[in-house]
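Could you put the whole structure together from the sequences, leaning on the hints where they help?
Protein chains in written order, with numbering that gives the first Met the number 0: chain F, 0 to 370; chain Z, 0 to 190; chain L, 0 to 99.
If you are wondering where the hints come from, they were derived from the structure by calculation, not from laboratory data. Heads up, the beta-carbon is just placed ideally off N, CA and C, and yes, glycines get one too. Some clues are possibly wrong.
A short list of chain F residues far from chain Z (calculated; beta carbon distances all over 12 Å) [unchecked claim]:
1) L90
2) T164
3) K346
To spell it out: a stretch of chain Z is covered by chain L in this simulated footprint if at least three of its residues, at any positions, have a beta carbon under 8 Å from a beta carbon of chain L; those stretches are [stated by the list, open to error]:
4) 27-39
5) 60-71
6) 90-102
7) 146-152
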Amino acid sequence: MTVELIAGAIKAILMILIGLHLAIFLLYFERKGSALIHDRIGSNRASITGFGKRFGLPNLGIINTLVADPLKLFTKEDFIPDGADKFLHTLAPFLALFPVMITFVIIPFGDTISIAGHKFDLQATNLNAGALYLLATLGLGVYGVAIAGWASNNRWSLLGGIRATAQMISYELAMGLAIVSVIMTFGTLNLQEIVRGQGGVWFGFLPRWGIFVQPLAFILLLTAGAAESKRVPFDLPESESELILGYFTEYSGGKQAVFMLTDLAEQALIAMLLTTFFLGGWQFPWLMRDGFHFPGGSFLAVPALAVSILGIIAFLVKVLALCIFLGMVRWTLPRFRYDQLMRLGWKGLVPLGILNVLITAFVIVGTGSTH
Amino acid sequence: MPPFLYLFLGALAIVSALGVVVQRNPIHSLLSLISTLLIIAIFFIGEDAVVVGFLQIIVYAGAIMVLFLFVIWLLNLQAEIGPTGHVVLKVFGSLAAAALATELFLFLSAPHLEVKMVREPSGYGSLASLAGKLFNEYLVAFEVTSVLLLAAVVGAVALARRIPDEVELGASDVRAATAMRAADAARRVQG
Amino acid sequence: MIPLTYMMSLSTIIFAIGVAGVIIRRNILVMYMSIELMLNAVNLAFIALGNRLGSMDGQVIAFFVMTVAAAEAAVGLAIIISTFRNRETVHADELTLMRW
Chain F
0 MTVELIAGAI KAILMILIGL HLAIFLLYFE RKGSALIHDR IGSNRASITG FGKRFGLPNL
60 GIINTLVADP LKLFTKEDFI PDGADKFLHT LAPFLALFPV MITFVIIPFG DTISIAGHKF
120 DLQATNLNAG ALYLLATLGL GVYGVAIAGW ASNNRWSLLG GIRATAQMIS YELAMGLAIV
180 SVIMTFGTLN LQEIVRGQGG VWFGFLPRWG IFVQPLAFIL LLTAGAAESK RVPFDLPESE
240 SELILGYFTE YSGGKQAVFM LTDLAEQALI AMLLTTFFLG GWQFPWLMRD GFHFPGGSFL
300 AVPALAVSIL GIIAFLVKVL ALCIFLGMVR WTLPRFRYDQ LMRLGWKGLV PLGILNVLIT
360 AFVIVGTGST H
Chain Z
0 MPPFLYLFLG ALAIVSALGV VVQRNPIHSL LSLISTLLII AIFFIGEDAV VVGFLQIIVY
60 AGAIMVLFLF VIWLLNLQAE IGPTGHVVLK VFGSLAAAAL ATELFLFLSA PHLEVKMVRE
120 PSGYGSLASL AGKLFNEYLV AFEVTSVLLL AAVVGAVALA RRIPDEVELG ASDVRAATAM
180 RAADAARRVQ G
Chain L
0 MIPLTYMMSL STIIFAIGVA GVIIRRNILV MYMSIELMLN AVNLAFIALG NRLGSMDGQV
60 IAFFVMTVAA AEAAVGLAII ISTFRNRETV HADELTLMRW
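Structure below.
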């Protein structure tokens, strides 16, 4: 019993750390990766006593983005605007960060692993209603934005907050419909079972990933997830080239760092969700519990510990690929206008989502089986 | 759920509920209400009603409270300054609520009402059993509820919209709109 | 397993706080929030009793109460907005048009 408890705590901390590290990687990618895409150099000035230059290495901007910027942010003066609600102004960053952090614990990042005779499931908490927990915490993410906009005593922050709230609750619906079709396909709310159901192959070579069963739901969740986490092309609430920072303009220092972190962590979370539902989670293609079953018919036996570790590596590679993809989309497309955004959400994605659910229902009833 | 957790959460729920009623700023009341709803959802999950508990968070704390928030913004409600209402009313109200609580306590906490625990059927509180009940025994109520939601949507939109001609004629604030509507009604009565 | 009296007493206290809120506060929105408190207290009682009896009926009824509360919130808030547009106040003591 206590072993389970300690293991669960370690896994929860591990998942949150993975989420945070992904967010930090995304922060670095935003400076240097975007520079790569835009054909410019990016940040390359800060260094510690010219360390890299002595060996002739180009400055990769790591010290700049990962050491200097956070140090600057956390040591800035933290002020609360005049006439603003002090309690709410301080509460808002935590309200924004909390739902994102607690969602990381239900993402399965591997199959079971046995250490010293105990079998551990590589998911911090195995909830039987995991997908519902997901929808619940994503719905709670609205309040951080709303309270931040309100508590700033700044009418443009408030407008940004209202628009961000409206955007988030509209696209929450589309996300819910996409998740519902995936749940119907796999017949369970448990995330670990959904990933396990994506093992095996069709026609001898195609892995049974969710994206091949539900391509429309993948596109829906991708779009709605990007809109929910306020990434470009949906980043109207914090359009960096226009409104300084939108709903968190009046925040400086550590609180602004928390908002930035929420943004990036939510992007990592959406990537993890897409991986779990559609790209097979921790399933390495053609890897079963005992070894590799290649499409040609050959078989390569692999020890159990290596199977688990390969699963974790597969998960991380897929999440990273999706994060980079979302980042590339961000640095390529212009942003939507507010009415275009709303029209896309309500008149485009929601009918498509309902259509997808209907088609899935017909197929399930017609073939008489799930998956 | 272990008893100490229950006591802690129960105390927190009572404090949040008091916070809803006592605070002057409507947004603070709203935040207290959201925390009360979240704690009640945790109680639901502790009582093995897992799906209904999560639905409480998704529907109540995630959607209905956002609606309240939008209305508070739209009406631009500020914190209430100064005494509101009569002191007699507050005293009488508190006494009446306390009397109600005492009476309900005596009524509902009597030992003879301690219900024997029937062994739970498997899958209690899961989505499958909830859906089974909804679509078999409560089918009519389910369909009627969907019609009710449609009626509520139509009704809410119809009640809260501005009449187009007021907006066109530049009645941007309430007084002008009222005056315009009064003049319109007077014209209709005479003509 | 928590004794039933604990759950029912918590439900009772929250219900009474809701009643007090409706009587004491004169701001219509806070009165409406107190009504939501009362609905939640009743939901808690339903779920607790359903669990003790091993029947799913309690959860189904709580589900319906939640749905009806959502519909009622939408319409009630629309009425409040409409009233505010006409009277410019949300203080219940000033809405005296139908008083004798």
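Hint check:
1. Interface exclusion of F/L90 from chain Z breaks down, the closest Cβ pair being 8 Å apart, not more than 12 Å.
2. A Cβ of chain Z approaches the Cβ of F/T164 within 12 Å, the least distance being about 7 Å, so the stated non-interface status is violated.
3. Chain Z leaves F/K346 outside its interface by the beta-carbon criterion, the shortest separation being 16 Å against a cut-off of 12 Å.
4. Interface restraint, the region 27-39 of chain Z with chain L: holds (6 residues with C-beta to C-beta distance below 8 Å; minimum three).
5. Look at the region 60-71 of chain Z against chain L: 6 of its residues bring a Cβ nearer than 8 Å to a Cβ of that chain, three or more, so the hint holds.
6. Requiring three or more residues with a Cβ within less than 8 Å of a Cβ of chain L, the coverage given for the region 90-102 of chain Z holds, as 8 such residues are present.
7. Coverage of the region 146-152 of chain Z by chain L holds. Counting CB-CB distances below 8 Å, 5 residues qualify, and the rule asks for three or more.
Hint violations for this structure: numbers 1, 2, all remaining hints satisfied.
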